[in-house]
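Engineer: This is what each chain is made of:
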Amino acid sequence: DAGITQSPRYKITETGRQVTLMCHQTWSHSYMFWYRQDLGHGLRLIYYSAAADITDKGEVSDGYVVSRSKTENFPLTLESATRSQTSVYFCASSETSGGGTQYFGPGTRLLVL
Amino acid sequence: AQKVTQAQTEISVVEKEDVTLDCVYETRDTTYYLFWYKQPPSGELVFLIRRNSFDEQNEISGRYSWNFQKSTSSFNFTITASQVVDSAVYFCALSEEGYSSASKIIFGSGTRLSIRP
Chain A
127 DAGITQSPRY KITETGRQVT LMCHQTWSHS YMFWYRQDLG HGLRLIYYSA AADITDKGEV
187 SDGYVVSRSK TENFPLTLES ATRSQTSVYF CASSETSGGG TQYFGPGTRL LVL
Chain P
225 AQKVTQAQTE ISVVEKEDVT LDCVYETRDT TYYLFWYKQP PSGELVFLIR RNSFDEQNEI
285 SGRYSWNFQK STSSFNFTIT ASQVVDSAVY FCALSEEGYS SASKIIFGSG TRLSIRP
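Which chain is which? The protein sequence lines are A and P, in order.
Positions in the first sequence are counted from 1; adding 126 to them yields this note's numbering.
Positions in the second sequence are counted from 1; adding 224 to them yields this note's numbering.
Next comes chain P alone, as it looks inside the complex (with noise of 0.2 Å):
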């Protein structure tokens, strides 16, 4: 069964600190895409990044970066040099290629961030 665990329930840092929020997945199947998204106070969910099983190259998109690591089945977030604008609850995802008719999204609870000025 596919599982998204962020053991991190809040973390709060103070601007411009460096801050890493944790994901882990169970997954059985050899093809499966992680996501994160973000859901600032206001309420929407923002995709934030799409990693497939096969693509174990991280990445850095301006302040944030990811780290994918099958060996120990995590896809972690850094927000360098975070800001007030990134307190937001972030979810990781994770989707199985296995279902034939349609991509459910597993999500983990979250991680709420509090930026501190």
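Same shape as in the complex, but just chain A (with noise of 0.2 Å):
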């Protein structure tokens, strides 16, 4: 089916190992963004791209890494995972910079031990 979808969709980790959340979407959208969901904050960018090979940095950026060879994929890596990056992850595409709409995977739980 078309849309967009993350995983793994659950993940545990012990400090300090790397992990990567993988985001794949069908729409061909040129678009797509990372963020971070915990209590109390909302929702905060973490990175974004505006297309294969561009990609910058949002409010959250540091201790991850992102890329973006293929338009579909925009895998988000966490170097060395540390307690504070216990989050759930989401991704989103959008079609259209300038306010275009933002269309969200399901999320990642992600527990950093």
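No lab work stands behind these hints, which were simulated from the structure alone.
Relax, there's no trap hidden among the hints.
Computed cross-link-like contacts, SDA-like style, restricted to lysine to any residue with a CA-CA straight-line distance of at most 20 Å: (1) A:Lys137 with A:Val238; (2) P:Lys262 with A:Gly166; (3) A:Lys183 with P:Gln226; (4) P:Lys262 with A:His167; (5) P:Lys227 with A:Asp164; (6) P:Lys262 with A:Gly226; (7) P:Lys262 with A:Thr131; (8) P:Lys262 with P:Leu272; (9) P:Lys262 with A:Gly129; (10) A:Lys137 with A:Leu165; (11) P:Lys227 with A:Thr227; (12) P:Lys227 with A:Ser223.
Take the two lone chains and join them into the complex the hints point to.
Structural biologist: Have a look at this one:
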């Protein structure tokens, strides 16, 4: 089915390990985003991408790395996971910039022990 | 700087009551977009509405309605005759057109709505 998917849906890891969260969309949207959702903070932007090979930092990018070699994929890597990165991570995509509607994936719940 | 404030952290009403969720925003841009998303207990984020800054016409979709007032920088959401299935966290969000590379959205902190049977 067309849409935006994330994997894994749940992940438990240990402090210091590298973790990669996957995001895949079938709409061929140019713009993709990663957010984290924490109690009391709503959703905060980690990274975004305007097209393949074009990425930029959001407000909470420290400790995260992204890549976008293909339009449909936008993986997020935690280089050395910390407990403060325990969160729910949402990927989103948008067809246009300038206020385009963002459609969200189902989220990945990450627990860092 | 852009900011979205949802002052109501939690609201609880009895089924069939009407309820309004408040959203106040700040922006320096003249062109911007406002959104509402719903996050049910299952956790996904569901898009409800998008409104651009040049369209102040109120919108109604079934039991849902939205009141956009630029004079008070508000974009309030009303559910009429609420139902238990409306229980969710609702997020208001703002996007400015000024960014050249992507339409970054700033979210409010959300309002948790509980509808009691």
